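Engineer: Top line first, the protein sequences correspond to chains A and B. The first sequence begins at 16 in the numbering used here and counts up by one. The second sequence begins at 1052 in the numbering used here and counts up by one.
Note that these hints are calculated values from the structure, not bench results. Fair warning: this is a prediction, and the values are worked out from it, not measured in the lab. Note that CB positions come from ideal geometry on N, CA and C, so glycine has one too. Just to be clear, a hint being listed does not mean it is correct.
Examples of chain A residues lying across from chain B (beta carbon under 7 Å, computed) [stated by the list, open to error]:
1. Leu95
2. Leu147
3. Val148
4. Glu316
5. Gly323
6. Tyr330
7. Val332
Using 30 Å as the maximum straight-line C-alpha spacing, the simulated DSS-like pairs for lysine-lysine come out as follows [unchecked claim]:
8. Lys1133(B) x Lys139(A)
9. Lys1133(B) x Lys1210(B)
10. Lys90(A) x Lys139(A)
11. Lys76(A) x Lys139(A)
12. Lys77(A) x Lys139(A)
13. Lys1412(B) x Lys139(A)
14. Lys1265(B) x Lys139(A)
15. Lys1133(B) x Lys1265(B)
16. Lys1412(B) x Lys1260(B)
Chain by chain, the residues:
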Amino acid sequence: MDAIFLQTLNGLDKGGAYALIALGLTLVFGTLGVVNFAHGALFMLGAFCAVTFQKILTLSKKVKDESITFFDAYKEIPYLEIWFGDTGAAIIDWAVPLSILMAIPVMLLIGLIMERGLIQYFYKRTHAEQILVTFGLAIVIQEIIKSFFGANPIPTPAPDVIAGSANIGSWIGLSDSLVYPYWRMIYLLFALAVIGAVFAFLQFTTFGMVVRAGMADRETVALLGINVERRFTIVFGIAAIVAGLAGVMYTPILPPDYHIGMDFLVLSFVVVVVGGMGSLPGAVAAGFLLGILQSFASMNEVKSIFPGIDQIIIYLVAVVILLVRPRGLLGRKGVMED
Amino acid sequence: MNFFKLSPRDALLMVVFAAVVLLAPIWMKPFGAAYPDLLQKFAIFGLFAIGFNILFGLTGYLSFGHAAFLGIGSYTTVWTFKLLSMNPIPAVIFGTLVAGLFAVLIGFVSLRRTGIYFSILTLAFAQMCYNLAYSVLTPITNGETGLRVLRDDPMLLDKALGVVQEGSPIGSFFGINMRGYPAFYFCAVILIIGFFISLRIFRSPFGLKLRAIKSNQNRMRYTGFNTRPYLLWAFVISGMYAGMAGSMLAVTDPLAGAERMQWTASGEVVLMTILGGVGTLIGPMLGAVLIKYFENIFSAFNESALHDMFSFLPSWLETVMVTVVHPFVGEGWHLTLGSLFMVIVIFLPGGLVEGATRLFKRRKSDGVTNKNSGSEN
């Protein structure tokens, strides 16, 4: 019972990341009709926003270390700490959550540049060509990041206050050995909040209404005198922000390196397809579903029955679902069918 | 036999192709590519791309999982080496057949869907193969270390025939060791055979049906064709090509690792095909050679080599050029690859072959009319 509960929790945060990426992918696909293989790169760029922000905050000055007296020793003290003392140190400690403030405008800008600079020319091309060009773009972005930050994962710790684990077990009356890191819990809540915000935005604003109408019938909306294309460009920017935020918040869980995006991208595509191309609730549901299934499959009890199941579960589920339900879990008729 | 009958034009193409391939060690010299290891790679990946093109080029089904067959071919070959004989003939045959078998299974399931669903299904299967080869199947694949041939492996056939090898085990074609130029010629002969089969498929009614599926599958179905068997055949044939290429990789270097099956490897063959020209006969081969060539040449450059290269320029310009070019070579080779990928897809979706035809046509029409140079296509 404990184990099952714990694995569900473990699956939820990973599922949150999948759901966020898949949500962005689906948004872009549903509005622009573009299959964006560079979406993983956006996730990675978001993670590196956090890294850059941390680097900027910890710009340091060499100061003589007074505690060592018998030779000249120097240590690096961040400017923030010199200027603001403890407040500065606290800001550095909270670098990852604060970097969201930087990530939002940066990711929006990157998204808009990407859409206007490249994606807009590929609306009418075949899906194969869209896949290929965005795949190339993803490689280019990766390599640029690699040349700046190197190939090694860069540790970006969570703030000290929430670095530990919560005794979830004792909270709800299960065994005390049941612990769960605070940050993962925050990630899950954060993911849910972002997903909720996106859905609310689409559901309750005029802008969102137009976008939804455009997803259903682009031509008619355009005929009503609405500039659909510009709104869809903004939707691309929003998708970039969502992917970027997913990346920013994931950094304390997994230190980012330049190919973190690709690792998530393949899985996210599977998620999107399982959920049903073009269906936002489908993407979210499939994200959480596959995340949980994956963590269940990595339990020792399951592995002893089906060896290796943890490695292939996602793909296996994808194959089964695609064969049983051709349009995915919640796919609509007429999307991506020829 | 009817199968070997070629139209005069195709016969000429075949002869030229064979001559170009067989004489590669000579004419590649000025390009600095005339060493056997690289030439082998040209032949092997050329074959891989030619096979991939039979599926992607003719039917338009974009598979993102062909590297799985490459890996399966490699593993089977190494196992044939271990169990039977170091002779590459049975090894290549088994490698191709087993890859074909897997292609039947994967194709049968994946081809139920089209478009991106098909791509994702093939990708899923390939990733499953890759993950399993890394983890649970370690007794068969030897996991991360990679599968290699050992001196005390059974090699039943070799033992029975009394073939003994000195030194570390290497493929041997009736006494000729599969190293250097002999290995290249072995690959080259298989490549020429593979190209011939692909040419026959392109010109056959079967090839025509595949093209019809690409241009409009629904209409094809309305006329009463069941397209599924044709698609499956195309998938299996291209899977067998991939298996054969994987076998040859293992023949020239008796080692098989799981990283060959990763989806980036599948992406590479897609790029080769696109770069050369999808659906053209010679394009994929061209793309494979170019990519492998640039990969080898570019990734070998370092900063001092660049300084040598631009040393004829004034020194300030030399520094500028080196700083500009440096991120694109050596470790940054992938940056070049990615940019190339984008440039090709954006400006020349038909690949190099289309570019060449376009250039050729414009020249021709310029010669005839000598005016309205602005009219394209």
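Engineer: None of the hints should be skipped; say for each whether it holds.
Structural biologist: To see whether the hints hold, each was checked on the structure:
1. Leu95: violated, 32 Å
2. Leu147: With a minimum Cβ separation of about 5 Å from chain B (threshold 7 Å), the hint on Leu147(A) holds.
3. Val148: holds, 4 Å
4. Glu316: violated, 16 Å
5. Gly323: holds, 3 Å
6. Tyr330: holds, 4 Å
7. Val332: It is violated, given that the least Cβ distance between Val332(A) and chain B is near 9 Å, above 7 Å.
8. Lys1133(B) x Lys139(A): violated, 52 Å
9. Lys1133(B) x Lys1210(B): With a Cα-Cα distance of about 12 Å, the restraint between Lys1133(B) and Lys1210(B) holds, given a limit of 30 Å.
10. Lys90(A) x Lys139(A): With a Cα-Cα distance of about 57 Å, the restraint between Lys90(A) and Lys139(A) is violated, given a limit of 30 Å.
11. Lys76(A) x Lys139(A): violated, 53 Å
12. Lys77(A) x Lys139(A): Violated - the C-alpha atoms of Lys139(A) and Lys77(A) are around 56 Å apart, more than 30 Å.
13. Lys1412(B) x Lys139(A): holds, 26 Å
14. Lys1265(B) x Lys139(A): holds, 18 Å
15. Lys1133(B) x Lys1265(B): violated, 42 Å
16. Lys1412(B) x Lys1260(B): holds, 28 Å
Of the hints listed earlier, those the structure fails to meet are numbers 1, 4, 7, 8, 10, 11, 12 and 15, in rising order.
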